[in-house]
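Enquirer: Letter by letter, the chains look like this.
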Amino acid sequence: MEARDTIGAFGARGADRPLPSLEAPSPRYGEKLIKALLGAAAFLSVITTTAIVVSLLIPTFDFFTKDDIGLGEFLFGTNWAPTFEPSSFGVLPILVGTLSTSLWGMLFAVPIGLASAIWLSEYASPRQRKLVKPVLEVLAGIPTVAIGIFGLVFLSPVIAEVLPFMVNVPPFSAGVAGLAIGLMIVPIIASISDDAMRSVPSGLREAAYGLGATKMKVATRVIFPAAISGIIASLVLAGSRAVGETMVVLLVAGASPNLTFDPGSSVLTMTAFIGQTATGDISTGSITYDTIFAVGSLLFIITLALNLFAIRMVRKYREVYE
Amino acid sequence: MAAATGGGPGTERTRLASSGARAVTLRQLSTQPRADVWKGNIFLAVVLLAVTLALAGLAAIILQAAIEGAPAFSTKLFTNGPSTINPEDAGFRPALIGTLYLILGVIFLVVPLGVAAAVYLEEYADGERWWNRTVELNVQNLAGVPSIIYGILGLAFIVRGPLDLGFILAAGSLTLALLVLPTVILASREAIRAVPPSIREGSLALGATQWQTIRRQVLPAAIPGVVTGVILAISRAIGETAPLLLVGAATFVTFNPTFTGDNGYSALPVLIFNYASRPQEEFRVLAAAGVIVMLIALLAMNSFAIWLRNRYEQQW
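Chains A and B, in that order, give the protein sequences. With this note's numbering applied, the first sequence corresponds to residues 163 to 484, in that order. With this note's numbering applied, the second sequence corresponds to residues 3 to 318, in that order.
Simulated from the structure, these hints should not be mistaken for laboratory data. Any given hint might turn out to be false.
[Claimed, not checked] Pairs of lysine-lysine residues, derived as DSBU-like cross-links and limited to a Cα-Cα distance of at most 30 Å, are as follows:
| hint | chain 1 | residue 1 | chain 2 | residue 2 |
| --- | --- | --- | --- | --- |
| 1 | A | Lys377 | B | Lys41 |
| 2 | A | Lys478 | A | Lys377 |
| 3 | A | Lys377 | A | Lys292 |
| 4 | B | Lys78 | A | Lys292 |
| 5 | A | Lys292 | A | Lys194 |
| 6 | B | Lys41 | A | Lys295 |
| 7 | A | Lys379 | B | Lys41 |
[What the hints assert, rightly or not] Restraint ranges, calculated between C-beta atoms of paired labels, are given here:
| hint | chain 1 | residue 1 | chain 2 | residue 2 | range |
| --- | --- | --- | --- | --- | --- |
| 8 | A | Asp424 | B | Ala62 | 24 to 32 Å |
| 9 | B | Gly168 | A | Ile209 | 33 to 41 Å |
| 10 | A | Asp424 | B | Phe254 | 30 to 38 Å |
| 11 | A | Arg474 | B | Asp264 | 39 to 47 Å |
| 12 | B | Gly168 | A | Pro187 | 47 to 55 Å |
| 13 | B | Phe254 | A | Ile463 | 34 to 42 Å |
| 14 | A | Ile463 | B | Pro164 | 57 to 65 Å |
| 15 | B | Phe261 | A | Arg474 | 36 to 44 Å |
| 16 | B | Ala62 | A | Ile209 | 24 to 32 Å |
| 17 | B | Asp264 | A | Leu219 | 42 to 50 Å |
| 18 | B | Arg17 | A | Val482 | 38 to 46 Å |
| 19 | A | Glu193 | B | Thr86 | 54 to 62 Å |
[Unchecked claim] Anything over 12 Å on all C-beta distances counts as not near chain B; from chain A, calculated:
| hint | residue |
| --- | --- |
| 20 | Thr227 |
| 21 | Glu235 |
| 22 | Phe246 |
| 23 | Glu247 |
| 24 | Ile280 |
| 25 | Ala322 |
| 26 | Leu325 |
| 27 | Val362 |
| 28 | Leu413 |
Glycine is no exception: its CB is placed at the ideal position from the N, C-alpha and C atoms.
Starting from the given sequences, assemble the full structure and let the hints guide the process.
Expert: Encoded structure:
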């Protein structure tokens, strides 16, 4: 109560001579209008998401009701032949095709991406960093159709030469597609993991050095675990990118819906199915049209789950260290 | 030469003493167990190998396209239309013009919308409110939605459905704009956030309104970052193929496209993809030549963006 009285003393003096008003002299409708317009632009992202969900859901609903495909038949069927007679809509082969190319891609990209991140954040001098990081970002910016052509024209023949079991007679295989996808996602892993490792406070680093740890121990035992949530986020984001990649698999993975993880086998992925089938002018409401959207819904759900998980992980490390 | 008798910091004598102390300390501390030294060296070698592999991959992509496409690289690429029968006379003209128009449309849509959304999220939005958090989460998630899903959105919502534009170039442009919008918003937010609060407070204290502060102080300071983000987003839009397949970028368009003409349009990456998926060797060479054209444009834009970032990077 004592403290209040001193403030009250100020207020009392102010009451004798009225303070100049801090209110704006006009209601400033323009300012409010601008705020509303800017808010509307931001709200567009919510509209986009809603539009994506709605445009996916309606034909998907038709697919399960009007076209009368059972959900169980779709999710657990092992035969994918939507355009043949008799048709069959088991999504497992193309789901496994997607998982297979992504898996082989991650197998290549995770060690290389993480090692690059360790080098960038712990070993590189500021000059080397300033040179290498933008170059890696350029690699991230190369159109995937160019990487697909690289896989088709260069990687496939070279790998057929070195590892004959990896590529079957047609130059298409899940393994080579995975390698090309891996090349594409290395910079994502390297860049985000590097950011996460650099945001580990230098106090941790210095304390470890002070205890006599070697550079390798500091990197692998201190910095890496401390940045783990950011690193996991980078891996999940890269995985989501690999699952959603279209052009590379269209060019390199072939088009046969084989239910296998064999890197030497040609596979059809979910994205490749959509890209391949939707290029023609298909009529709205036909079963082929609905099938594209059903597969699209599944793809969207998978990537949405991965993205939300990654966003959560990134928030976590931001909260801890920033 | 300064007098070497004083004892204060920065004199010759203290510098000598401290460098001596450092040498002794380093010598003492650098006698690590031999096994650790070995492990450390092997680890560094492995890490370096990984970086080299990543960089070699990039070099290989560029070199391979350059070598493969060199025979077909001529002015014909820019002046001739596509052909299914004569690969030696085929070019990319309608596709190049189509891509140019697509990108102009993307810039026109994405710059005002992206910057406006970023300004709202950074300057106006109260991060505690659930609707602002929803917007924020949406932007982050949309940045990770696969491009082919945007193609589906374009097909169901823009080409057909509510907007019903048909398979026209403007529909492709709109689809690509939605695709890169989150990238622009995220980059612009970073740039706006990097402007220190003291600039805003100074302006507000002088009696400027919030919008005056943003327009005269915050945005000018954030422009280099925003432009960098826009360039990177556009270079993504140039190479994006999958959504265009769905919204009607037909391959063999022999005339120059317009924004609203419904005779079809074409885009550079779509034509490259089509050439590449043909079995004949000549078409693959042509595709590689197209990749060179695309990569030259992209590398130029990327280098410009990096230069811009380094040139105007401000330490407040």
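Enquirer: Please go over all the hints and tell whether each is borne out by the structure.
Expert: Hint-by-hint comparison with the structure:
Only pairs whose Cα atoms come within 30 Å are accepted, and lysine 377 of chain A paired with lysine 41 of chain B is accepted, the gap being roughly 10 Å. Proximity of lysine 478 of chain A to lysine 377 of chain A is assessed by CA-CA distance (about 26 Å); at most 30 Å being required, the pair is judged to hold. For the given pair, lysine 377 of chain A sits about 21 Å from lysine 292 of chain A by alpha-carbon distance, which is consistent with the 30 Å threshold. Simply put, lysine 78 of chain B and lysine 292 of chain A have alpha-carbon atoms about 39 Å apart, too far for the 30 Å limit, and the pair is violated.
As the CA atoms of lysine 292 of chain A and lysine 194 of chain A are separated by approximately 43 Å, the hinted pair breaks the 30 Å bound. Between lysine 41 of chain B and lysine 295 of chain A the CA atoms are separated by roughly 26 Å; this keeps the pair inside 30 Å, and the hint holds. Restraint check for lysine 379 of chain A and lysine 41 of chain B: satisfied, since their Cα atoms lie roughly 10 Å apart, inside the 30 Å limit. Remark: the range hint 24 to 32 Å for aspartate 424 of chain A to alanine 62 of chain B is upheld by a beta-carbon distance near 26 Å.
Taken as a hint, the range 33 to 41 Å is violated for the pair glycine 168 of chain B and isoleucine 209 of chain A, whose Cβ atoms sit roughly 21 Å apart. Look at aspartate 424 of chain A against phenylalanine 254 of chain B: about 36 Å separates their beta carbons, and that is inside 30 to 38 Å. A C-beta distance of roughly 45 Å is found between arginine 474 of chain A and aspartate 264 of chain B, which places it inside the suggested range of 39 to 47 Å. Between glycine 168 of chain B and proline 187 of chain A the Cβ separation comes to about 52 Å, which falls inside the hinted range of 47 to 55 Å.
Separation of phenylalanine 254 of chain B from isoleucine 463 of chain A is about 36 Å and conforms to the stated range, judged on CB atoms against 34 to 42 Å. Isoleucine 463 of chain A and proline 164 of chain B have their C-beta atoms about 23 Å apart, which leaves the hinted 57 to 65 Å range violated. Remark: the range hint 36 to 44 Å for phenylalanine 261 of chain B to arginine 474 of chain A is upheld by a beta-carbon distance near 41 Å. One distance hint, 24 to 32 Å for the beta-carbon pair alanine 62 of chain B and isoleucine 209 of chain A, is violated here, with the actual separation near 42 Å.
A C-beta distance of roughly 28 Å is found between aspartate 264 of chain B and leucine 219 of chain A, which places it outside the suggested range of 42 to 50 Å. As the Cβ distance of arginine 17 of chain B to valine 482 of chain A is approximately 40 Å, the hint placing it in 38 to 46 Å holds. Checked against the given bound of 54 to 62 Å, the beta carbons of glutamate 193 of chain A and threonine 86 of chain B, roughly 59 Å apart, stay inside it. No Cβ of chain B approaches the Cβ of threonine 227 of chain A within 12 Å, the least distance being about 18 Å, so the stated non-interface status holds.
Residue placement check: glutamate 235 of chain A keeps its beta carbon more than 12 Å from all beta carbons of chain B (closest about 22 Å). Every beta carbon of chain B lies more than 12 Å from that of phenylalanine 246 of chain A, the smallest distance being close to 22 Å; the non-interface claim holds. Every CB of chain B is more than 12 Å from the CB of glutamate 247 of chain A (nearest about 25 Å), matching its label as outside the interface. Not every C-beta of chain B lies more than 12 Å from that of isoleucine 280 of chain A, the closest at about 6 Å, which undercuts listing it as non-interface.
Look at alanine 322 of chain A: its CB is around 16 Å from the nearest CB on chain B, clear of 12 Å, so calling it non-interface holds up. Residue placement check: leucine 325 of chain A keeps its beta carbon more than 12 Å from all beta carbons of chain B (closest about 17 Å). At the 12 Å boundary, the C-beta of valine 362 of chain A stays outside the reach of chain B, the nearest C-beta of that chain being 17 Å off. Look at leucine 413 of chain A: its CB is around 6 Å from the nearest CB on chain B, not clear of 12 Å, so calling it non-interface is violated.
Violation of the numbered hints given earlier is confined to hints 4, 5, 9, 14, 16, 17, 24, 28; the remaining hints are satisfied by the structure.
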